[in-house]
Amino acid sequence: MEENPEHRADVDMSIPPVVGPGYTTASVTEKISHIVLTRRTPKGWIFGFTVSFVIVMVLLFSVSFLLVKGVGIWGIMIPVGWGFAIINFVWWIGIGHAGTLISAILLLLNQKWRTSINRFAEAMTLFAVACAGMFPLLHLGRPWFFYWLFPYPNTMGVQPQFRSPLVWDVFAVSTYFTVSLLFWFTGLLPDLATLRDRAKSRVYRVIYGILAMGWRGSARHWQRYEMAYLLLAGLATPLVVSVHTVVSFDFAIAILPGWHTTIFPPYFVAGAIYSGFAMVLVLAIPLRRFYGLEDFITMRHIRNMAKVMLATGLIVAYGYMMETFMSWYSGDIYEKSAFHNRAFGPYKGFYWALIACNVIIPQVLWIKRIRNSTVAVFVASLFVLVGMWLERFVIVVTSLSRDYLTSSWGMYSPTFWDWATFIGTIGFFAACMFLFVRFLPMISIAEMKALISEEDAKHGLEEARQ
Amino acid sequence: MSKRPSRQRHPLYGLMAEFERPDSLIAAARRAREAGYTRMDAYSPYPVEGLADALEFKGTMVPMIVLIGGVIGCIGGFLMQYWLAGSYYPINIGGRPLNSWPAFIPITFELTVLVAALSAVLGMLALNGLPQPYHPVFNVPGFALASRDRFFLAIESRDPKFDAETTRAFLRTLGAKEVSDVDY
Chain Z
108 MEENPEHRAD VDMSIPPVVG PGYTTASVTE KISHIVLTRR TPKGWIFGFT
158 VSFVIVMVLL FSVSFLLVKG VGIWGIMIPV GWGFAIINFV WWIGIGHAGT
208 LISAILLLLN QKWRTSINRF AEAMTLFAVA CAGMFPLLHL GRPWFFYWLF
258 PYPNTMGVQP QFRSPLVWDV FAVSTYFTVS LLFWFTGLLP DLATLRDRAK
308 SRVYRVIYGI LAMGWRGSAR HWQRYEMAYL LLAGLATPLV VSVHTVVSFD
358 FAIAILPGWH TTIFPPYFVA GAIYSGFAMV LVLAIPLRRF YGLEDFITMR
408 HIRNMAKVML ATGLIVAYGY MMETFMSWYS GDIYEKSAFH NRAFGPYKGF
458 YWALIACNVI IPQVLWIKRI RNSTVAVFVA SLFVLVGMWL ERFVIVVTSL
508 SRDYLTSSWG MYSPTFWDWA TFIGTIGFFA ACMFLFVRFL PMISIAEMKA
558 LISEEDAKHG LEEARQ
Chain L
2 MSKRPSRQRH PLYGLMAEFE RPDSLIAAAR RAREAGYTRM DAYSPYPVEG
52 LADALEFKGT MVPMIVLIGG VIGCIGGFLM QYWLAGSYYP INIGGRPLNS
102 WPAFIPITFE LTVLVAALSA VLGMLALNGL PQPYHPVFNV PGFALASRDR
152 FFLAIESRDP KFDAETTRAF LRTLGAKEVS DVDY
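So the protein sequences, as listed, match chains Z and L.
Numbering follows the working numbering, with no gaps: position 421 of the first sequence is 528.
Numbering follows the working numbering, with no gaps: position 152 of the second sequence is 153.
If you are wondering where the hints come from, they were derived from the structure by calculation, not from laboratory data.
Remember, predicted model here, so these are calculated numbers, not experimental data.
All C-beta atoms in this analysis are idealised placements derived from N, C-alpha and C, irrespective of residue type, glycine included.
Watch out, some of these pointers could steer you wrong.
Claimed, not checked - Examples of chain L residues lying across from chain Z (beta carbon under 10 Å, computed):
1) L26
2) A28
3) Y90
4) V114
5) G176
Extracted from the complex, chain Z is given alone in its bound form (with noise of 0.2 Å):
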């Protein structure tokens, strides 16, 4: 490629800003609330969340139907006893972890431009989780006693096992949600007191300014605040490891061939993030999009997000790699076959689609025209979701359904009611997703203008625009 002068001149701006030009703190202001505070419900967003909704209607209708039938309604069975629960568990968590990521290791590490996609990433982190954590329970088989998993005193006289890493998981997961929901509403506080002294309607008012609950902007109370929301940041940067840590363990810790491995840890946080970042993309892209966001979304964020993706990906990838050569150096035959069964076994096609999804196609996104193409990366974060989704089922499947005695091995396949439960609690995502952008600012109003401020005096335009 021959280097004409204006290429070289696009070469010197490699990083452009993180806003689009010509925002001032108040464009900004108006821009983020009015979307919420306009009295207008745009057409397409009731379209989705009526398609949502009724989603939402088959979850309510095959939970219904799970508890007056209990799971044998599952396609669960022996040796198979963990199913679709526990894949979309697995699959759920890993995607909110991006959210974390996004919002508290970013900001410790300083990269500005988390400032607009922190705040959705967040509450992604916060349904997915919501999500996540129904099928655990439901596949409790008497959910309505769940709190038997907490240790509570009780007439029992009988309390959890902690020992065991599924009683780890109730914590790890129920503390990571907790925080999550801490962490949003603490990031949430000072737009809620913009809302509030932004809304017409006296009941926008009141609603809003009981959730900013006084927020005034001090300067005593921002000093509390941001040291507050640094601290929750540096709390959740080891929590988001540990989630997926332990949630890894469930699997590391049982004897089962291909699960008992010390390379799962780091492999499912890793696949945890990159799932994560591609169900970022897969909303910020429409969304961006539909609101004309494009000047807080940029593209300068999508390929960032495209690189993040691209790079954990890698990393999974070499975790299959280690997983596969482990096996065979280890010269254990149960890990072997394992893994023979994995390729070659009955479900040899998930993983080729697996190996198709998460390794080959991301590999695209080293082309820069590939990552300046919000379609091809839309396209690209669909078939990471699915070949991320394929992977914890090949891990649960393949190695329940063949552990060490042939007399006991099984082959599982999911019913209907398994998928009209998955699918469901993709609608609820979807739905919860819905009302989140209509009721509250998916870009954080008060970061995006501290952003704004610190360009300004960076660039000396405050001194220009007098």
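Use these hints to put chain L onto chain Z, whose structure you have.
The following block gives chain L in isolation, referenced to the frame of chain Z:
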């Protein structure tokens, strides 16, 4: 109780000056400190760097609260498991020790983070006195812009140096866009 007479309530909560830019607010805060005012607060739509220093705020208690919360969560979480698995409901698994502490670490960690995070948020809210249904500053017309793009400096009537007339005149010299009374 002996201080009662001096605590007599001033008819005003204070005086508030409105600024258009963060740096003018910082400059104003600094000059007010230099003029000897101590009971002040500033209001801004986003955290302004250097404002806390200009107002000479002391450091916050939040980190200490979070540390205490974390330590409570850590010790409490471990002791809960130690007691429940070791003495209240012991399960003998192949004669392994009942105090199997490595297996207690994940839950200890989770509870450390949980209690620390709860103390960070609740501590921050409590120190800030939130939720607070009513505050006099909201009586200032135009204060709603404090959550949009305006910056305010309020000198409160509790300030020993506060005098409605001289303070108002002083605030005018700071280049404020507007100076208004804050009613109770």
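We went through each hint and held it up to the structure:
{"no.": "1", "hint": "L26", "result": "holds (9 Å)"}
{"no.": "2", "hint": "A28", "result": "violated (13 Å)"}
{"no.": "3", "hint": "Y90", "result": "holds (4 Å)"}
{"no.": "4", "hint": "V114", "result": "holds (5 Å)"}
{"no.": "5", "hint": "G176", "result": "violated (13 Å)"}
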